[in-house]
Amino acid sequence: MEVALAYDHPTTVVTTPEVSALAIATNRRRAPVAFTGRVKAPYLLRQLLLALQRVILSDLRWLDEDEWLQMLDPVITVHHDQLFFEAFSNDQSSYVRLSAPLDAFEPEGEVRYGTTNIDFTEQLREALTQLRSSRRTLFTVGATGFGVSTTVGAGAREHVERKVDVPDDWLKGFLQVQSAFAMHPYQFDAQPVDLLSVIAFLQENKPPALPHGMRVEFTPDAPIVIALEPWDQRFVLRGTRYSGYERSVRLWGRRRLELLQGVLPYAEKVTVGVLGRGLPHYYICHCGPFQFTLALSGWTKNDWSKDSALDALAPRGTPDVKLVARVYAYLGERLLARRDEVAADMGIERSEAESALFALCRAGRAMYDPTTRQYRNRDLFAESLDIAALFAPNPRAVAAQRLVDAGKVALGEITPPERRDDNRRETRAEARVTDGQVYDVLVSVDSTGRLRFGRCECPYFQNNLLSRGPCEHLLAVTFALEVAQDKSAAATERLAQTE
Amino acid sequence: MSDQSVDICARVKTLLGATLDDTALLQELKSLALAQEAGFAACANLWALALYERNPPFFGPFLVAYLDARQEPTIKVLLTRAEADRHDELFADLYQMVSDEKSWNADVARLARARLSDEETLRALQRRENPRARRRLNEDVALALYRRNPGRFGEFVRMHVQRGWGRRPERYRRLRREARAHGDDTLYWALFRDYASDEEWRASVHQLLASKPPASALLEELDRRQPTRAVSLDMKTLTSLVRTYRQETIPYLEQHLSSAPDSLLKQARKLGDETLYWSLFFLAGTSARWNADLREQVARPLSDDQLAEALRPRRPPEERRHAWRLEQDVAQALYRRNASLFGPFLDQFANGGLVALELPQRIQVALTTDQDRGALLREMEALAQEPGFAEEAPQWVPALYERDPLFFEPFLVNHLSSDRADVITALLARAEAAGQDSYFTALYRKVAREDTWNKELAELAESSLPDDTVVQMALRRQTDSWLSLTDKTATALYRRDPARLGAFVRAHAQQSWRQKEGYKQLREAARQRGDDDLYWALFRELADEREWQAEARRLLASDTPPERISDELTKRHPEHLWNVDTGVIADIVEKYGRATLPYVQEHLTWITRRAAPKLLSRIKKLGDEDLYWPIFFKAGDSKQWNDALRELLAQPLAADELAALLPMRTPPARRWGGWTLEEDVALAFYRRDAQRFAPFLERFARGSYDEALFQEAQAKQHEDFLDYLSLQLLRQIESWLNAAYPTNAMLQWSKADLKAQDKVQRTGRMLTTRFDRLAADSPALYVRHAAATLSRINAHEVWSFKRNLSLNPAFNYLYTQRRRAWLAEPDALREVLESPNIYVQILGLLMLGEGGADAAERVRENLLILRAVLLGGAHLGTKKLALRALELAARQGETYAGQILPVVEEALHLSGKRAVDQQAMVAFVRLQRELAPQSA
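Protein chains in written order, with the working numbering: chain A, 1 to 499; chain B, 1 to 936.
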């Protein structure tokens, strides 16, 4: 997809003895977004902006100038409760979001809500380091001037205009992040110093052999532990206490945690979200009024776009186009809302609201904010997306549907949430799938139809577990279960009507 | 001579004529020299000789520091005097300033002929030595000196004719003859080893062998002749050497023999000495020959034990065993013969050892075991990790393909090595017949070679198969773009089906490193067919500079509508020509004006590489400044920019008007390119309106005139700008430190530069005087400006902290003076604590470490930063400073302790090399103990 970017001037930091002005240049090809305010905690904002830039530039690959120019600039969104930056690392394996409540600023002048791209280049780094709390610091988004009077020679206006042909996989990756957030991973709060110890250990020790994983160990009634392989070096996350079923989640690409090194010393706590083995995980650092979120794909080479196939875990079904449009209009007006609020205000089922919101997230029109657990209106692009091309039907889902249609799925015992003895609010189904040979399959699905857990005997599952999305057999059982639940609900309804 | 120089000369004369003692005179001269460097140097003839005559030992260091090669005539006069007066050290220092290898040789030649005693001559030579850069005598000079007195000058000559880096045409034949004539073996052989030609050396060895020296003396004689470069003896000499001295030659050959021709080995074999033969063989034989010999042994009708016995001398020596690898058939033959008896031998010399030899059997078992395809895949994946798996492809490839071609496709594609072209080719035929396109494509690219690929495609294009089939088969063979089609093949494919094969042909019609293909036929075919897209694509890909220029001139001469000109230029823009004379583009710009801009802006760097001035002058003619300056800053240079600014300054403009015109003439913020103001321009702007133009100067004023600007700013009491200039001067002082005060390591190749020392002290004094002035005004004012100066230091500016602290007077002042004043200024202290540069942060920590009520308050205000220092990546020393500040502050009362203790406690839990856990523990426990009674 081709995205047009145009800036009247580069993003600049102008410093005089009394005032610093950080003027963020915005894309003139998009609807104007504007905000001006005096920063209450300039030093903290500076450190977090530097960390944000570090994530964006974190890539071990060498990029030539053309490749740099093909990277899409970060986006900024201004809402009435907060403004936030979002970006992807160059290698597409890390997503970063820096949010600031508007009361972290003393607003001055007009505010225009919306989302736009910003000029946030590598050269800005040196200038950012000049921000100090001892000077009045103005933060400007989308203004055309510098905001500081003594500016002769501070940098001539330089009109920059370029078109970026955003690769589909990049785009898809960005949108996939929302799937990870919206899957409601298991969250817990850790202390920054414990994660810093993990990072220090990784920096100081070269692993002598494989594996290079990082296990998050959950033991009932015990603190959560991070164990580093192959040393089995264990770090107890003080202050945590786990109360679910016992499990261990293995994650890779752990060196990317270093991206938090500049943030953790300023954080009061870190909210960690874990989905499952080899699946994305995230870290929300609470730094004063600001929140710095780093979401990492399952492992470094497994970037968000290519292999995560998180969508396959999501509930199925295409929501009604008109409903999606209504929800979009609703969000456009409210800017942010919880799923239940959307359902209640619009008089629709929660699952319908979820499905429509998911569709909007996939279309880049909304995003899920894990810090407030709300959906936000956020137009990633001014241009419309070809969703059908981006999210072509997953071949495994097509194969799964074929298995269901051919009657190759035999459902066994189905355990609804209320009959489960492990406190998990999910429906569990056992099944047998015949696909050349017979596979025993087990799935666990939540109330919105999202696949939360699964097990299969096929080689694909044995090799990848869920880290590359479910195999066709897991999907087939999920689909068959969906049909069975619909039938059961209809029968219950009929029975109720008869009675 | 300029007025300024005349003035300086007059001042020098006055000083020299004044009744000053030596010390006072020296101080006055230094001040003048440092303030007016160029002018003072220009009148060196006035002061240099005068000072020498006044007191050579006292003024000698000054002369050495303040004279340089530009004052050669003056130095030469001084040299004559210093040598005559026996001021050897002064002579040596001055001599190195003006001599190079050529002039030194001339000087040595003169001394060799001089009527001095040998003793005096030797002393004169030694005086001219450069201990830090060895110089080389040319042959005539070396010979002249040597002939004068071989005993006295032999050693000097030998030291200055040694072989070194670089190309040396000299062979010193005459000098060698001379040395030999004098029986000077040391010099002769040293020269021989370095300079004798290969022929001379071989002749010498031949002669040596002819003289039949005893075996005990042989090695010494050979080594004495051995060239210092890598060379080898001819076959005849080698054979003679081995035949005559046999085992005695092995130590020599071990060092100098890198390969052995057949005939040498044959000779050794003829001698019937197996040990000698195999010693020689493993020194310089080849693995192929070794395998051939082993093959012969295996084929002989020997029992296993006899074969093992035969292998014993054929076993490579332990230290070289990695260089000898058994070929597959030999290894297999031995393995089949007796795996346990030959196991150790095979483990050492077969690729992959015994494991690899056992592999075929394990593969066979896996393939024949009754198991599902998933289990088989997992087992094959495990086997694929074993060495030698790829070589067994003929065994597992057909079997897996038969079993389930699609399921095993990823495995086969991943593990089939391109070395097994035979196996792949067989599989390709089956995959193509079965219509398995992805299989075919993945495997085909493993074996495709440019020549066979072209041949295959050409045959396909000419074949009588239906068009659809041909297109399908050709597209299936489209592989990575590095393969280039020949003109013949490309044209044949294109003619066969231009619509469907055009894109394929375009992608592969390119000049490869192997051949420079012009694609004349193909381009003609595209032209005939009116296929503009392909024709211009080929032009862009293939046109050389001449062809492109001709085409551009044709375009210039044509009457292209202006709205089309940019597209027409883009259509012709070469993809692979980087350094082209693009003057014709400037002509097109002149003709079409702004219409050419889209093209010019897109390719500006390319166009201006060789035609920047022409293009700029054409664009200037268009009279559009908005257009001109952005292009100027991409194509122009700093000198042109300064000229343009001079023109601007010369106009009768008010400061407001000047300021309004400046932004357009200011290089863009993100454009790297060394845009620097020259001194007169910088000073002119500053004098015009100091406040207004200071920010402009801060960006672009870089250079030796910082001091001049500093003086001007001092006069105007422009303190904010002085902060910037102070930092510039601090940086300058730092840049002089190594010259002024070399470290011990540096002293091996350089001497302390007294002039640099004077500069350090003088500039340091200039800055500390300013700091004192500010402090006298008010300590708060000093701290504020000191903070503003330090705060400008960039994050990664490399500073040698300890050296600056001890040697840079201004830096030392900032870190050690007026600490209490810092503590009374919260904003200034915060400014340095928030610096991105750790050394500036350290200054803040040092101040906080002073303790007291003010310090405690400052610690409390900056707790976030101190916590970040403790938890971040700072060095332990820095963290200890932070801890000390925290500990002292906590002692100031419960309010402080209540906020500080949790921070220290948190640091306690950090682990790793940068953790301050032990120190934190001590501080924490100490604090808790002390504060417990207070809390109670």
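Don't read these hints as lab results, they were simulated from the structure.
We put the CB at the ideal spot given by N, CA and C, even for glycine.
A portion of the hints provided could be inaccurate.
Calculated lysine-lysine pairs in the DSS-like style (CA-CA distance at most 27 Å, straight line) [said to hold, decoys possible]:
1) K236(B) / K270(B)
2) K716(B) / K751(B)
3) K102(B) / K751(B)
4) K913(B) / K269(A)
5) K591(B) / K516(B)
6) K206(A) / K634(B)
7) K634(B) / K621(B)
8) K880(B) / K269(A)
9) K571(B) / K520(B)
Here are the simulated distance ranges between beta carbons [to be verified]:
10) A421(B) / P207(A): 36 to 44 Å
11) N463(A) / S438(B): 46 to 54 Å
12) R112(A) / P598(B): 29 to 37 Å
13) G109(A) / A708(B): 56 to 64 Å
14) S417(B) / N463(A): 16 to 24 Å
15) T469(B) / N463(A): 32 to 40 Å
16) E459(B) / N463(A): 38 to 46 Å
17) Q928(B) / M346(A): 43 to 51 Å
Here is how each hint holds up against the structure:
1. K236(B) / K270(B): holds, 15 Å
2. K716(B) / K751(B): violated, 40 Å
3. K102(B) / K751(B): holds, 23 Å
4. K913(B) / K269(A): holds, 23 Å
5. K591(B) / K516(B): Measuring from Cα to Cα gives roughly 35 Å; hence the hint is violated.
6. K206(A) / K634(B): Distance ~46 Å between K206(A) and K634(B) Cα, so the pair is violated.
7. K634(B) / K621(B): holds, 18 Å
8. K880(B) / K269(A): holds, 24 Å
9. K571(B) / K520(B): Roughly 19 Å between the alpha carbons, so the hint for K571(B) and K520(B) holds.
10. A421(B) / P207(A): 36 to 44 Å: Given range 36 to 44 Å: holds, Cβ gap about 38 Å.
11. N463(A) / S438(B): 46 to 54 Å: violated, 20 Å
12. R112(A) / P598(B): 29 to 37 Å: holds, 32 Å
13. G109(A) / A708(B): 56 to 64 Å: For A708(B) against G109(A), whose Cβ atoms are near 43 Å apart, the range 56 to 64 Å is violated.
14. S417(B) / N463(A): 16 to 24 Å: holds, 23 Å
15. T469(B) / N463(A): 32 to 40 Å: holds, 38 Å
16. E459(B) / N463(A): 38 to 46 Å: holds, 42 Å
17. Q928(B) / M346(A): 43 to 51 Å: violated, 58 Å
Against the hints set out earlier in the document, violations occur for numbers 2, 5, 6, 11, 13, 17.
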